[in-house]
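*Asks:* Listed in order, the protein sequences are those of chains V and L. Numbering that gives the first Met the number 0 puts the first sequence at residues 0 to 434. Numbering that gives the first Met the number 0 puts the second sequence at residues 0 to 174.
By construction, these hints were calculated from the structure, which means they are not laboratory data. Model, not experiment: these values are computed from the prediction. Every residue, glycine too, gets a C-beta built ideally from N, C-alpha and C. Any given hint could be a false lead.
If you want a taste of the chain L side facing chain V, the calculated C-beta under 10 angstroms gives, among others [what the hints assert, rightly or not]:
1) 97
2) 102
3) 111
4) 112
5) 116
6) 119
7) 121
8) 150
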Amino acid sequence: MKRYLVLFAALAALWTAPALFTPALAALQVDVTQGNAQPLPIAIPDFVGDPQLGANVAGVVRADLERSGLFRPLDPRGFAERITNINAVPNFGSWRAVTAQGLVTGQVTQQPDGRLRVDFRLWDVYGQSQMLGLQFFTTPENWRRIAHMVSDAIYERITGEKGYFDTRIVFISESGPALKRVKRLAIMDEDGANPIFLTRGDYMVLTPRFNPTAQMIAYMSYIGNKPRVYLFDIETGKQEMLGNFPNMTFSPRFSPDGNQVALTLETGGNSDIYIMDLRSRAMRRLTSDPAIDTAPSWSPDGRQISFESDRGGSQQIYVMNVDGSGQRRISFGQGANGTPVWSPRGDLLAFTRRTGNVFSIGVMRTDGSGERLITSGGRDEGPTWAPNGRVLMYSRALAGGGGSQIWSVDVTGRNERRVLTPGSASDPAWSPLIQ
Amino acid sequence: MTSISRSLKFACLSAALILGACTQKKEAVNTAPPPPPAPMASAPAPVTSSILPGSAEDFRVNVGDTVHFGYNEYGIQEADKGILGRQAAWLQKYPAVRVSVEGHADERGTREYNLALGARRANAVKEYLVSQGVSTGRLETVSYGKERPVCTESSESCWSQNRRGVTVVTGGANS
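Looking at chain L on its own, in the form it has when it is part of the complex:
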């Protein structure tokens, strides 16, 4: 029970961070240097101590798995380069891990177009991780188009959450 309630707390925390980043993205595009990737060696906060380093949960909670995109866009936003840098560093620290990058779109597009758009987004994340030194063979991509929303309202805040790329650990992680 304890670990479940903790996970929930962390999930809420990371969601809050993502939302914050998301609502700031317009301004963030113009700020020059992205924040440096968080050093992996830094001591985890006490609250994260129950998470096994190198696990899928470690990646999801301590690194962050989701980046967001502008409307009908698939370029990596400046604000998201930090999180992708951390993903790349983590993946290099745990070289056995394989991941799948999921590309998603908001509801404003036909089914087929959004499948294609999701593929562009997943591929953009993949290419960024490769540019940061992750071997391409460890990365798969899959597009879900508009079929797997995290939010169902027809509002900009909801659409911005659904326009996302999610890096999911699929194998080789500690457990």
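Isolated chain V (complex conformation):
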């Protein structure tokens, strides 16, 4: 799908004249680093033009922004002004009266060639100025993606951070009784829409991960009762075993450039970390300790790998250089610590803390300092980062074999909430930003 972005630069200049009298510091903004930020009240009336699609697109944008925890979309039933022409300057007083600080007006129209055209403008109600104006074209079946792009643009303009709504989640869909769980590879939009099963469930699959272009998934499959790492091409549906090893391979993760996969190979009961080059298929060994070494994750610059090891007696987090040198323990907190995952920003590692049978997601700096726990489920494991490094998803198991759910939480620990999935679900992996 092609994506068109057209800035209304010339028009915006005309309409933002009132902004000249507004102090620049008053500009609408949300500081995402605040742990207790008040969500910003924002009015997003149904887009004009095609009534059904206009309502659908605005509904998705409202849901996206609400889910982020940083915005509070106002109930459209309370709006006094009815937007009919998005090319006219809105009556800011009427939007101030409903406590809106931001206003989004938009229009969805069908083009003669069958494509959809979506225009929208983001207004600063108090500053009485247009902050953003964009136009997209797409095929009608892609209307949800356009809505997510609108959300991303609003989020980025107001928070200064990249949005993450136009992304996908690969995960494990679970069904059946606890003692005979069926696990299928599945993919969905970030908001849980458009779920698609990629495998049928006749063999177990675990721990899927996206490559940097979100076209390829590395995962573990029990095809033929032989647990091995596989690659799945989303476009073609083709599956391919990665290498041909006599023993188990697991916990794969793509390098930031997508050309290598770090994984764990078990030999004679001992698990060690290797890197496979995807072009030459050559394997390079990084750890050779008799302890369990697994769950590798790359730093975004591709120079370091974090992993977990029980070489010190209990499962803890370690970091090493990508050639295997400089292996050092960084977690010294309570309990067992595992599944370290490097933030796309490079500043933090998310991890799973286990104390007894209590599992929590935490974050720490990459030297192990500043550790804090950010989830409250008690059965939370396997974090994955949104591409902007502000939000995480993870698996939450239910007691008594009651299945598993996917949850999300802000890196600050705020806004913990369930991600809707078709049935039980686990092992989420967030896609990078889709190009």
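Mind docking chain L on chain V? Use the hints.
*Replies:* Below, chain L alone, put in the same frame as chain V:
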């Protein structure tokens, strides 16, 4: 119907034996000599007579397929050496049989760690069987981590059942 109800009865019996062994394991670790492997030639009890000798069912019901492990451990417990000795003797009596040893973990560990731990356990069983004379080429291992529990409660009795190595006949058995 008859054979199904009998199998069920045997399954319950063997489960009871396993549970008994399991709850005793702490004490059992310190007792010195493991019980000698049951002689294969011993006449089967009347109730087992419908099971074909050398079959997968024979192995599962009359020999026993499951051993258990301590928390976060993968060493073979003294109490389980008897059952592994019987497995080895049976495998030597039926040299065409191939088996897969499944390693499992309880829920107290992350997914990846438990896969690695299950592999350690499966390999420990395999190595014990090899030490008892079973050829390594007849033994495969597979780890299921915490993904295939036999019990779902968060309790020690349940965890101890899930920390297990199961020897599964995969080929060459009488049928």
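*Asks:* With reference to the structure, classify each hint as holding or not holding.
*Replies:* Hint check results:
Taking 10 angstroms as the C-beta cut-off, the interface hint given for residue 97(L) is violated, the closest approach to chain V being about 13 angstroms. For residue 102(L), the suggested interface contact is upheld, since its CB lies about 8 angstroms from the closest CB of chain V, less than 10 angstroms. Taking 10 angstroms as the C-beta cut-off, the interface hint given for residue 111(L) holds, the closest approach to chain V being about 5 angstroms. For residue 112(L), the interface hint holds, since its Cβ comes within 10 angstroms of a Cβ in chain V; the closest pair sits about 5 angstroms apart.
With its C-beta approaching chain V no nearer than about 7 angstroms, residue 116(L) sits inside the 10 angstroms limit, and its interface hint holds. The interface hint given for residue 119(L) holds, since its Cβ lies 5 angstroms from the closest Cβ of chain V, which is under the 10 angstroms cut-off. Of the supplied interface hints, the one on residue 121(L) holds, with its beta-carbon coming within about 7 angstroms of a beta-carbon of chain V, less than 10 angstroms. This hint holds: residue 150(L) has a C-beta 8 angstroms from the nearest C-beta of chain V, less than the 10 angstroms allowed.
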